[in-house]
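Participant: Build out the structure end to end from the sequences listed, making use of the hints.
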Amino acid sequence: MRPGGDTLALAGLGLGVALVPLGVTSQYHLSIGVFIGIHAIVTIGLCLVMGYAGQISLGHAAFYGLGAYASGLLTTKLGANPWAAMAGAMALTAGVAYALGRPILRLRGHYLAMATLAFGIIAYLAFVEFKELTGGPSGLAGIPRLRVGGFVFDTDRKFFYLTWGGVIAVVALSLNIVNSRVGRALRAIHGSEVAAETLGVDTAAYKLRVFTLSAVYAALAGSLYAHYLSFVSPPTFGFIASVEFVVMAAVGGLASVWGAPFGAATVTLLTEVIRDVMPRLLAYASGEHEVIAYGLLLILIMIFVPEGLTVGGLRALRRLGRAGRRVPAAP
Amino acid sequence: MVGPEQLLQLVLVGLTQGAIYALIALGFVTIYNVTGVINFAQGEFAMLGAMLMVSLAPLGLPTPAAFFLAVAGVVVVGGGVERLAIHPARRASVVTLIIITIGADIVLRGLALLAWGTDPLPLAPFSAGPPLTFGGAFITRQALWILGTTAVTLAALYAFFEYTYPGKIVRACAINRLAARLSGISPERMSLLAFCLAAALGGVGGVVIAPLTLVSYDMGLYLGLRGFVAAVMGGLVSAPGAVAGALLLGILEALVAGIWKAAYKEAAAFLVLFVILLLRPQGLFTRAVARQAGL
Amino acid sequence: MDIRKLVPVALLLGILALGVRTAWAQEFRIGFVAAITGPASSLGGPERDVAVMLQKELDAAGGLPGPDGRKRTVKIIIHDDQSKADETVKAVKKLIADDKVHAVIASSQSPTSLAVIPIVTEARVPLISMASSHAIVTPVKDRYWVFKTPQSNIHVAVHQVGYLKAKGVKKIASLYVNDAFGEDSRRGLAEMLKGTGIEAVYEDKFEHADKDMTPQLTRVRASGAEVLIVHAIPPSASIITKNFRDLGLQIPLIHNHGVGNKPFIDLAGGAAEGVIFPIGKMLVAEELPAADPQKKALLDFIAWYEKGTGKPRSTFAGHGWDALQMLFPILASLPPDLPLEQARVRIRDGLEQTRNFVGTGGIFTMSAEDHVGLDERSMVLVRIEGGKWKYFPREKW
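Residue numbers (my numbering), protein chains in the order written: chain A, 1 to 331; chain B, 1001 to 1295; chain C, 2001 to 2397.
I should point out that these hints are in silico values taken from the structure, not numbers from a laboratory.
One or more hints might be untrue.
Said to hold, decoys possible - FRET-style restraints, in silico, Cβ to Cβ: (1) Pro-2335/C to Val-152/A: 52 to 58 angstroms; (2) Thr-2365/C to Ala-1124/B: 45 to 51 angstroms; (3) Ala-2368/C to Trp-1260/B: 45 to 51 angstroms; (4) Ala-2290/C to Pro-1004/B: 55 to 61 angstroms; (5) Pro-2312/C to Lys-77/A: 44 to 50 angstroms.
All residues carry an ideal CB built from backbone N, CA and C; glycine is no exception.
Facilitator: Written out as structure tokens, the structure is:
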């Protein structure tokens, strides 16, 4: 991945982000764009953890939720400024991720997956049970909007810009990491932890740092979510949400920073489009078809394109290109 | 506080739940031992068993016939999952395989939703009649069926592993997959067998618990997660460990709910899992085993 | 350069391509959000049925006839929130911003209704909820735009406590489902018990998705309570009832109005026998005294609903009916070409001025201090006998 190519792509993304809300007038579609952006931020972090560091996390929605609830609580209960609350939420989540990561990142493969699964569910249960703090199953409402002076981020269009500004920043930061010495160390760890250790790479420290960073990303996304909907409730941050994020990362390509927003977009759009389109085709709303299509897509991708759709799509394009240019063998 | 009768009642309830967890946990262990895969769709096998039983009920078949048909149906599904989803990806990485089973779980749940709808469905108990008393505690007849069926299934499983050729092959895979392969055992056939076996175990669990709760398309997740925790308590490789773990888990949940606060019952299972992973990932009952060859 | 870098850009352009604006030709648009799927589908399904049937009648009649003879076309835009608050929020936002509805009816459950209150307040759109928590309409100064049609949990508690007092009960146990509905119902009961000398010796909760409540029920037995009161909706309400009988508990079992539908009985089977609960009069309409002002309206609704859907009567369908039928006359009376913001304000005012509206839930009289418009007279006690609902008046206690 050449840094020059990345900069160009970032600029392209920035342009696209600037143009989209000018053309799209439907609030509903803009709000889908906002959700894609928020999910993309979480997914990028997950790609770093799963793709580059080779660890698996089945509880990432917990960090997403921590960010959302922390932001919500700091603003509603303590009257903090929303930006400060966002920063606070990210810091708090970083602390939790660090404390959690130290013991569990020692585990490998399936065991790590289970530990993250358990943590995710425990966090969800905490959101539900600590009612005085979180509002319990009814959730936390009335979370204030983000604002800069008199300018309030209250419309979908404004929030779209804000969120995707965040996505661009996160992508840029992640690319920086991936292309640096840290990134190479991570890839070494992914290849073989034992080998990396013998080469002098402090695998434990690197894994912990990536894990923590990905949690911070998730917290940022959670905070944005809270200030966007003004309302948070536990089901958004449960086990199923964690699974969905893993699906987004896998679809986009686990080891691809650019793939992550693509995966997030594909999965989110798929859900929304099917939900929008299905009732027009069939008499009754069919959450069932959406669910099945979702699962089938996942299986097919993992079987045929396990490295994700971006890389797989690229391979397919290259193969088409080669096919056109094939020179017949000399007799 | 809580008297001896209440304690006995809670233990009985816990054992009943634990028996179901045990069947599901064995499914996890079987598949993991043979293929190295954690089958996220395991809970759905139980759900399908229950659903099929409910659908067969109006046909008026005698219970054993319906039981057999329902479990057979789940076995077919299990085999289908293996052939269509696992087999094509057999050379993929662990992460990929986990995600595939997650996909299978989603598809099975969606198909169930399509076939049976969102409403929970009731099923009549296998034998009618009031609950029986036992030392001051009540035990429903269905609970006795659950305990009995589980015991019989475990015995049958033991016999299968000890005395039949396919059973011994499965055990060989569990002990050392690479060596089994070198001895000429086909990993593909074993994978299929493992899935069918796990499906049967899950299906049995689902069929017997159906009358006690209400059957709905989303009951698989709950059971699957708990069976999973129980399997981990057995180190994922030990069948007796998984069964012991499952029974302990069931009793622990009942005690936490009954003595402390019902709300903490959910957390109990996962806290246990967490603690075990941190302190003793090889499980409670196994000695530290060397990692499987062929990593 | 890597093509894949352009993919996210291409994606955004794709979203741009999707940005189609939908225009509605109808004069009046009502948003209708219910839990059609998900755990509360036994509530939302019937509500949706009512909305669909009323829309058909409106279309056939060409619209709502107004006092000036002109017909006003009405479109009821139905959404499924899957029993999830996030979805309710998204649906209501879409209805307000994109569909530009005049009023919103949402949703079937208490937590999902509470979630959208800040949104409608900010957007100044009238909201009618079909859920029962009293917190939806109180404190009334923060609920200027919010109304609801079901009886509140407080009214239910009045009936429950009345029965307890008449029976001389001193100790009860209270089990509730762990969400806003269960919480509110439990709190309502606790409020009503104050000063009565009746004590709740054991209280605990359970999850909506729980499959087994025997641990809690074991403690109920150990507590020496004389009556168990349950605050839940099916399926958990049915499971706990089954567990109750399986444990051989003989004390009276009282539910709240979350079980006013057939699924409760179907799912609990024989265990539902003898269950007592306060509910709107619909379930026992035939047994009401002839002088009851609601009797005719209820019988008409039951016939209409059962004929139109082939399903048995449901108080939840009634809540949806009440909400729409309260809106229709207000819409019909609005002058033509009223700007949207003003129309919304007029609709809100119209709702607040509702007087003696004979609905299925009761006879509604709203006011600036009361956005429910009902009291405990809208409910009666019902007992399940032989799998059916039987009117349970004081004489039979």
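Participant: For each hint, tell me whether it holds in the structure or not.
Facilitator: Checked hints:
1. Pro-2335/C to Val-152/A: 52 to 58 angstroms: Given a distance of about 34 angstroms, which is not inside 52 to 58 angstroms, the answer is violated.
2. Thr-2365/C to Ala-1124/B: 45 to 51 angstroms: Once the Cβ atoms are compared, 47 angstroms apart, the range 45 to 51 angstroms for Ala-1124/B and Thr-2365/C holds.
3. Ala-2368/C to Trp-1260/B: 45 to 51 angstroms: holds, 46 angstroms
4. Ala-2290/C to Pro-1004/B: 55 to 61 angstroms: Once the Cβ atoms are compared, 57 angstroms apart, the range 55 to 61 angstroms for Pro-1004/B and Ala-2290/C holds.
5. Pro-2312/C to Lys-77/A: 44 to 50 angstroms: Cβ of Pro-2312/C to Cβ of Lys-77/A: about 46 angstroms, so the range 44 to 50 angstroms holds.
The structure fails to meet hint 1 from the earlier list, while all remaining hints are met.
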